[in-house]
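Engineer: Position chain V relative to chain Y; hints supplied.
Chains Y and V, in that order, give the protein sequences. The first sequence begins at 8 in this note's numbering and counts up by one. The second sequence begins at 8 in this note's numbering and counts up by one.
No lab work stands behind these hints: they were computed from the structure. Among the hints, a few may not be true.
Identical copies carry no separate label here, and so any pair may be met within one copy or between two of them.
Cross-link-like lysine-lysine pairs, in silico, DSSO-like; alpha carbons within 30 Å at most [to be verified]:
(1) Lys194 with Lys63
(2) Lys133 with Lys156
(3) Lys249 with Lys37
(4) Lys144 with Lys63
(5) Lys37 with Lys63
(6) Lys343 with Lys156
(7) Lys37 with Lys233
(8) Lys213 with Lys367
(9) Lys90 with Lys156
(10) Lys35 with Lys144
(11) Lys37 with Lys144
(12) Lys343 with Lys404
(13) Lys70 with Lys343
(14) Lys215 with Lys37
(15) Lys447 with Lys215
(16) Lys133 with Lys343
(17) Lys133 with Lys249
(18) Lys213 with Lys37
(19) Lys144 with Lys343
(20) Lys133 with Lys45
2 protein chains.
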Amino acid sequence: MAKENQFVEQIADIESDFPQWYTDVVLKTKLVDYGPVKGTMVIRPYGYAIWENIQKELDARFKQQGVQNAYFPLLIPMSFFTKEAEHVEGFAPEVAVVTHAGGEELAEPLAIRPTSETIIGTMMGKWVQSYRDLPMKVNQWCNVMRWEKTTRPFLRTSEFLWQEGHTAHSTAEEAQTETLAMLEIYKQFMENCLAIPVLTGRKTEKEKFAGAVATYTMEAMMHDGKSLQSGTSHYMGQNFAKAFEIDFLGQEGVLEHAYTTSWGVSTRLIGAVIMTHGDARGLVLPPVVAPTQVVIVPIAARKPGVNEACEELRAELAAAGVRVVLDNSDNSPGWKFNEWEMKGVPLRIEMGPRDIEAGKMLFARRDTLEKSEVSRENAAASVQAILAQIQGNMLEKARAHRDSRIVYADDMAGILAGVEGGNFVKAGWCGCRDCEDKIKAETAATARVFAEGESAEKCAVCGKEAKHVIIYARAY
Amino acid sequence: MAKENQFVEQIADIESDFPQWYTDVVLKTKLVDYGPVKGTMVIRPYGYAIWENIQKELDARFKQQGVQNAYFPLLIPMSFFTKEAEHVEGFAPEVAVVTHAGGEELAEPLAIRPTSETIIGTMMGKWVQSYRDLPMKVNQWCNVMRWEKTTRPFLRTSEFLWQEGHTAHSTAEEAQTETLAMLEIYKQFMENCLAIPVLTGRKTEKEKFAGAVATYTMEAMMHDGKSLQSGTSHYMGQNFAKAFEIDFLGQEGVLEHAYTTSWGVSTRLIGAVIMTHGDARGLVLPPVVAPTQVVIVPIAARKPGVNEACEELRAELAAAGVRVVLDNSDNSPGWKFNEWEMKGVPLRIEMGPRDIEAGKMLFARRDTLEKSEVSRENAAASVQAILAQIQGNMLEKARAHRDSRIVYADDMAGILAGVEGGNFVKAGWCGCRDCEDKIKAETAATARVFAEGESAEKCAVCGKEAKHVIIYARAY
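So that you can see chain Y by itself, here it is in the shape it has in the complex (with noise of 0.2 Å):
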């Protein structure tokens, strides 16, 4: 109880008001603070070290699936976006525009990247000759910026960080199936590396990107039951190669637009995993991400041979590839309980002088808050073990909440009930953009995702036959 207290006073009540839940714990724990322009953020040590984690997960199974990094410009003249007209209706209100530089106003206005599709569908048109060019499949890691009038951070900022896969085919039957292939890569690595059961599937015409035959996504639920859309795969069809003369030779010698695709996922990754997996002590993170995995907290410090043990026990798990961090700071270890659990870092030991003694160290898990002996021998052997449970754990836990909080309506009424009840509600939708209007107008709840292979009687909201299921939820 004491120690609840001494949290209460750090962050807010992660029930009875999230968001300043998020605020306090994001800069609370330093993954994060506010940038000197609005709406910009500084993603301070603590917060990118999760950042490289996924970079270096996800940029290994993009690169086992045959795509190249490349670097394009961040600064596309605006002419390149009127090109396609969907994307530029979509993207142009939120572009941040260069009129002068060296000191001379510019020819033609530039804007900051807000995606690269234009840019890069100018260079594959050079690049790509013959069918022999293709697949062409490229990515890069940048920056992108999309001016939004209400910001937070890691979920909606005027620049972030991110990943965008460009790829090229001479089919349309292979470009849908990369289309596919990548969404299941990044249903793996959600599930697999965040711990962070996805819905995947295709979003409707009203919510799909600007320029695209088809959007997929990958929807997760938040602990206060909103979805957040996490990352997503566009097929475009011939829309960008037509605007962007990506033409090629077919083996039959003819001139053929190629097929492409994009997709990607942000920084807003961390505001998932955050959502996801926060608790009213904090930060909870999945071990395969997190910064620090294990934390070795000294007891009774000044006693002879602990703080020896200590780091004898720290080089052991270091060696062994573990991210563990000994804290031997002059803090009680009360005080350091509470920071590092607040840091989320997946497992404490805890060893002192009677520990040392008996040949024991003793684990504190952050996810189950469970404690637990442990024999010193083999040490690695069981952080490892440990570290695995709490990953698995994580994931199943969080499906459970999510699972918990699929509810199905019929009706507006239902539909207004569930999302207030902080849940994703499927119901059967005619298929008219009337009908997806009104839902987010009554409701504030939009349709995140198509229920591929389930059927409804009766659109919930006209009444009319229902040709779909949609999941409706609040989202970020």
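Structural biologist: What follows is chain V alone, placed relative to chain Y:
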């Protein structure tokens, strides 16, 4: 001779037209392409893979030094630049400015970072409270923009990628030590990873970074005898700490300004690799950073068993961590030899029916163009050994080239003759700005770096007593 001719059709002669050779090589090996906006470049996968290897090597060294990665915003309020007088003077002329965003004119124009001292200084001012918060060491890998009139891929472009490290310390001594420690890390990296020997030391007042107390540089000699500034490490004293209020409460309870440093290298290093090691046939890449270290070319590939044996070798090398490609395309072996030589792959392995029968393979080194027959057994160990030899030989070759082109001069005519002959020229300097300006005006050479510990009798320009020896060179 036939091979020589085939090459001549592709790229300009390295001796008679080095600038055109450079342009041909970077474009034809697909390292880079021109972006649509003047002065911008697209780093293509083959070029970006070199950058990834550079990042991996440097990043590990930075972390070893206690530096943590972070990310700071791209856009900086113009007013920040005016806080440090020399800094604004140095960077204002080449800044790109955002004036509009989200469809509206901004209240204050925003600069795209040309470097981040001002914004990182602002954040450090917020984060640093007491001596316990110091030293603070952060680094970011990011894009920066400097609007340049004359541009060349990798060497000088309006946007480039780099890393910028920024540290704050409680004493001048500690900050100076850090400045030099980072310079030494860079130097070791240049020699051990890029096989480029560098001269390190201090820059003159005229050539130092805008706002620094002292700038330390690494100067490398390119194939044509010109110098390339390959990286810098700056000691800022309290200049930025005063401007951005990086103040800390010292151990005696007195508020003091911190002492800061910054240091960076950029994608320019790829240009350094190209221009240091390249030869008449194209690129020659050091094994440590080569995207492909080994290419296997099957001879008489249609004969039974050849492709299988080559694939077996490829798998064996890949499993041992070698970056290896098996070229089983339809092109002739001769065509493949030229292509992979132009791309600078350090080692080619040829394997045909007779080699397979004899349990042999043929090694062809890119650096010396020597061939040798090697036993197929323990292939991975033989390959690792020859790659290490190539790496070492490339450094020694570059060092011998550089050392043979360092000359001394007593007067302006000597300096002019020296730099026109493609040399670094050591000469005495009285220390006055006028003499330094005159050398630049009359020889197009600049003071690259102080030759510390050396002495001369008189200044090569005015004939007065020399206080220093300077290394002059024409530079990129």
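Engineer: Tell me, which hint numbers fail for this structure?
Structural biologist: Hints 6, 8, 14, 18 not satisfied by this model.
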